[in-house]
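Chemist: Residue-level listing of the chains:
Protein chains: 2
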Amino acid sequence: MAEFKPGPQTKIKRIPERGSYEKESIYQILDEALICHVGIVQDGAPIVIPTIHARIGDQLVLHGAPASRLLKYIAGGNPVCVTVTLLDGLVLARSTFHHSMNYRSVVLMGSGKLVDDPQEKARFLDALVEHIIPGRSKEARGANEKELKATTVVSIPIEEASAKVRTGPPVDDEEDYSISVWAGVLPLKISAEAPVPDSGLVDGVQVPDYVSEYQRS
Amino acid sequence: MAEFKPGPQTKIKRIPERGSYEKESIYQILDEALICHVGIVQDGAPIVIPTIHARIGDQLVLHGAPASRLLKYIAGGNPVCVTVTLLDGLVLARSTFHHSMNYRSVVLMGSGKLVDDPQEKARFLDALVEHIIPGRSKEARGANEKELKATTVVSIPIEEASAKVRTGPPVDDEEDYSISVWAGVLPLKISAEAPVPDSGLVDGVQVPDYVSEYQRS
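Top line first, the protein sequences correspond to chains A and B. The numbering of the first sequence is our numbering, which starts it at 1189 and goes up by one. The numbering of the second sequence is our numbering, which starts it at 1189 and goes up by one.
Just chain A, same shape as in the assembly (with noise of 0.2 Å):
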């Protein structure tokens, strides 16, 4: 299975055998969250910002607006870390010590670089809607040449990147099993509510399978 090398700042140091470089998990966790962090140093100081991203290949793709510092700093080649979570439940043990949470974490770093071709950028958006909400790009109306001019898009090469997973059970202490209290996992997922019909729209137009039946894992 393809994997990547551990850099200094991905290997795993904290409980390793949660850790995972394999591109498969990697890509799997980068493709189900919704948003991410994204690191910058700015005048020595960290500055954590959240975004959307879409991974097309081996790459992971941002945008915003072109006044971004968060896409100026990686435009201009400078390092970056993007980080996705998922929480996938409350680990709830005899202890609080033992209280953990199951999740998916990736953590990437790397550097970027802008993408300027129209054509790459106008298929880097589609993909990022896409990432969102699959089925999205083929309805809306796509990017016109004013709203592309408008729009920055950087993209980051996944190369150095590890992945930290916890599943299962609370584990608790020999001797806390005897402890009469309720121990065990609370499943958490993010879910869809009904959707909300914007107030202008045309008459007959009726909400798509890709909104009414939304699913996120």
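These are computed hints drawn from the structure, not numbers from a lab. Mixed in with the good hints, there may be bad ones.
[Stated by the list, open to error] BS3-like, lysine-lysine: derived pairs with alpha carbons at most 30 Å apart: (1) Lys1199(B) / Lys1377(B); (2) Lys1337(B) / Lys1199(A); (3) Lys1193(A) / Lys1260(B); (4) Lys1377(B) / Lys1334(A); (5) Lys1301(A) / Lys1309(B); (6) Lys1199(A) / Lys1334(B); (7) Lys1334(B) / Lys1260(A); (8) Lys1201(B) / Lys1201(A); (9) Lys1377(B) / Lys1211(A); (10) Lys1201(A) / Lys1309(B); (11) Lys1301(A) / Lys1377(B); (12) Lys1199(A) / Lys1301(B).
[As the list claims (entries may be wrong)] Heads up, incomplete: computed chain A residues facing chain B, CB under 10 Å, no partners named: (13) Lys1201; (14) Arg1206; (15) Glu1210; (16) Pro1238; (17) Ala1255; (18) Ala1281; (19) Arg1282; (20) Val1353; (21) Ser1366; (22) Ile1367; (23) Ala1380; (24) Gly1388; (25) Val1393.
Ideal placement from N, C-alpha and C gives every residue a C-beta, glycine not left out.
Please arrange chain B on chain A, whose structure you already have, making use of the hints.
Modeler: For chain B alone, kept in the frame of chain A given last:
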């Protein structure tokens, strides 16, 4: 209403009308979020690590293993950024360009310190459990002396912080309202599924209400 003073890094520059420095909004977002993403700088590069947090008054508290590089960094008084993001919905516009998300996020910049008083530490660890699942710290066995020693707790004063919030329907270009495509908001939330009891439970132990009726927002 109490407000934080925006600093150079927390001042909302992009779409400032979405920004807020109100304590109440910021605290509410911090309190609802199950996890945060913490940014640090190592060898000039950013690293973003997901972890759980709790707000205790005007402090944000994090915890982990004493070997954690994240906690060592924070305990050393280095500049840190903590970001939390709540996703409230997908905003589907007629054009891909105007697609968006409804969200509430907080970016907090500061520097922390080690919490070394054992009593304060124990209280903060209970607060971390209560933050995730209210009611739990009264039932589970609290940390003993050995466990307290095996846990590092740090606190960061909440002084420089800003919130960014988007709510409401899509906003399309005037000429796009005639396009026959569904538009609106697909609300998202974190929901709990049926609790999975651990296999070694003491006979007769029931699922507590704070588990079976768990809701986040």
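Chemist: The structure should be examined with respect to each hint, and the outcome stated for every one.
Modeler: Checked hints:
1. Lys1199(B) / Lys1377(B): holds (28 Å)
2. Lys1337(B) / Lys1199(A): holds (26 Å)
3. Lys1193(A) / Lys1260(B): holds (25 Å)
4. Lys1377(B) / Lys1334(A): violated (34 Å)
5. Lys1301(A) / Lys1309(B): Outside the cut-off at roughly 44 Å; violated.
6. Lys1199(A) / Lys1334(B): holds (28 Å)
7. Lys1334(B) / Lys1260(A): Violated. Lys1334(B) to Lys1260(A) sits at ~48 Å, over the 30 Å cutoff.
8. Lys1201(B) / Lys1201(A): violated (37 Å)
9. Lys1377(B) / Lys1211(A): Holds: Lys1377(B) and Lys1211(A) sit about 29 Å apart, inside 30 Å.
10. Lys1201(A) / Lys1309(B): Status holds; Cα separation ~25 Å.
11. Lys1301(A) / Lys1377(B): Violated, at roughly 34 Å.
12. Lys1199(A) / Lys1301(B): With Cα atoms ~26 Å apart, Lys1199(A) and Lys1301(B) stay inside 30 Å; holds.
13. Lys1201: holds (7 Å)
14. Arg1206: violated (13 Å)
15. Glu1210: Violated. Min distance 19 Å.
16. Pro1238: For Pro1238(A), the interface hint holds, since the closest Cβ of chain B sits about 4 Å away, which is under 10 Å.
17. Ala1255: holds (7 Å)
18. Ala1281: At about 7 Å, which falls below the 10 Å cut-off, the nearest Cβ of chain B leaves the hint on Ala1281(A) intact, so it holds.
19. Arg1282: holds (6 Å)
20. Val1353: violated (12 Å)
21. Ser1366: holds (7 Å)
22. Ile1367: With a minimum Cβ separation of about 6 Å from chain B (threshold 10 Å), the hint on Ile1367(A) holds.
23. Ala1380: With a minimum Cβ separation of about 5 Å from chain B (threshold 10 Å), the hint on Ala1380(A) holds.
24. Gly1388: holds (5 Å)
25. Val1393: holds (5 Å)
Hints 4, 5, 7, 8, 11, 14, 15, 20 from the earlier list are contradicted by this structure; the remaining hints agree with it.
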